[in-house]
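Asker: Going line by line, the protein sequences match chains A and B. Residue 168 in the working numbering sits at position 168 of the first sequence; the count goes up by one each step and never skips. Just add 1000 to wherever you are in the second sequence, counting from 1, and you've got the working numbering.
A few of these clues could be false.
Interface residues of chain B toward chain A, partial, derived using beta-carbon atoms under 7 Å [said to hold, decoys possible]:
hint : residue
1    : ARG1077
2    : LYS1078
3    : MET1082
4    : PHE1084
5    : ALA1088
6    : PHE1090
7    : LEU1096
8    : PRO1102
9    : MET1105
10   : LYS1108
11   : ALA1112
Keep in mind that the hints were calculated from the coordinates and are not lab data. A virtual CB, placed ideally from N, CA and C, is assigned to each residue, including glycine.
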Amino acid sequence: MLLTESLSTLGKFALFIKRTIAIPEKWGVFFKRYVAEIMKLGVDSIPVVIVISIFIGAVCAIQMQLNTTSPLMPRYTVGLATREVILLEFSSSIMCLILAGKVGSNIASEIGTMRVTEQIDALEIMGVNSANYLVMPKMLAMVSFIPVLVIFSMSTGLLGGYLISVITGVIQPSTYVYGIQAMFVEWYVWYGLIKSLFFAFLIASIASFYGYHVSGGALEVGKASTKAVVTSSIMILLADVILTKVLLQ
Amino acid sequence: MIEVRNVVKSFDGVEILHHVTTTFQAGITNLIIGQSGSGKTVLMKSLVGLHRPEEGEILFDGRDLLAMNRHQIKELRKEIGMLFQGSALFDSETVLGNVMFPLVMFSKMSKAEMRDRAMFCIERVNLKGAEGKYPSELSGGMQKRVAIARAIALNPKYLFCDEPNSGLDPRTSILIDELLSDITHEYGITTVINTHDMNSVLGIGESIAFINRGSCDWTGNMHQIYTSGNKALEEFVFATDLFRTVQKYALQHPDEAGIER
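Put together the whole structure using the sequences plus the hints.
Answerer: Laid out in structure tokens, this is it:
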């Protein structure tokens, strides 16, 4: 039962993506919507990304300092470990999980409301490919803007660690700065950016899928929004495992 | 003209429309009436291609909707305007943006021409001055009028209206009915209106199809409805004391009611 339901949903999702990825009716309209979606889904997410990253960077630095008390470990390990946590997992995976909540629920509820208020039917009656018109700009906006958010997150996360070292003195700021530069592997930055592209696609497409297929009223829109966040979070974690295996090993 | 021939539509094995056959003429207001659950919304959605019937033919001036491929359906839809029950206006667009939307998507007009055409449609539905407002700032009746303006922006050959009077006060309902009737006659549109409103039935019902339990039980017009002889139809239309009185008066004064002897 669960298996057939899952397979049926997967099939529906594939058909939905097939309808979504098409040549836009009018490039001018598409570009206008794309820019608007970048502003709404991407630029508006910058403050939350910065705030969360600064705090997590600071917490990471404190935790590393508390857990690297062995005299055999150099002090700069705090900066080095904080950097690795932020570059490898936090700024891509964890940040995308947070964005799945913020952006995913926004997309699912917006499209879901359009469905229950017959706005999507109105588009269809006019002869517009509603999936392409509504979803494609969101998907492209998310995929193209997520690297910017990840870079913001990486830099502000590292800044958070630096600030806590300056404010509380858990570690000498110069030692922290040395640590975040020590044994730097550039590929880790690319790894985080590549992962985030997949996650952005998952967030936008899954949230749009659940919103697009709402039937009923406001209650169902809320349920679709929850489903979208839960499913995209699980898919992000699953994709994280696969991408880590593929990209790092 | 739209001809519906032997249309059958089922959901989960339950047949909702049983071989429905009827015709909607051009240049007049064609009403689909029937009780809730009778299948009239399914019929309306089948007519515009939102549902796909298993059997039958839906001919738009001889072109069968059910035999068309996706591209042909898309082309046909450019000739269709639709007014939804809840207006279905785009929240993020102003009145002008909503009315211009089909023009932006499908016309080859310049921006100035599109604006002129949209303003003409807005003025036609008596909403001049409201073009900069958002749907949430408008009353239900005004939203319906914006939806009508949007529906006629591309000069449609066919106009479908799903319960255009729902949620409106009687006075606004009459205004919407008059507007739909005027637009239909002015532009020679094939207008199909799905309604529960008996004022509409007796006011603009130039052609009426009564859907009862998934079948087209009776066809006629607002003058013939008084003497239809169809029990189910009479129970539906003249269900209240007010409308029974109207019927009684009409039968006593057939000339005034336009009843043919």
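Asker: Now, for every hint given, state plainly whether the structure supports it.
Answerer: For each hint, the structure was consulted:
1. ARG1077: 4 Å, holds
2. LYS1078: 5 Å, holds
3. MET1082: 5 Å, holds
4. PHE1084: Nearest chain A Cβ about 4 Å off; hint holds.
5. ALA1088: Hint on B:ALA1088: holds, closest Cβ of chain A at ~4 Å, below 7 Å.
6. PHE1090: 6 Å, holds
7. LEU1096: Since chain A brings no Cβ nearer than about 15 Å to B:LEU1096, farther than 7 Å, the hint is violated.
8. PRO1102: 5 Å, holds
9. MET1105: Cβ of B:MET1105 sits 6 Å from chain A, so the hint holds.
10. LYS1108: 11 Å, violated
11. ALA1112: 15 Å, violated
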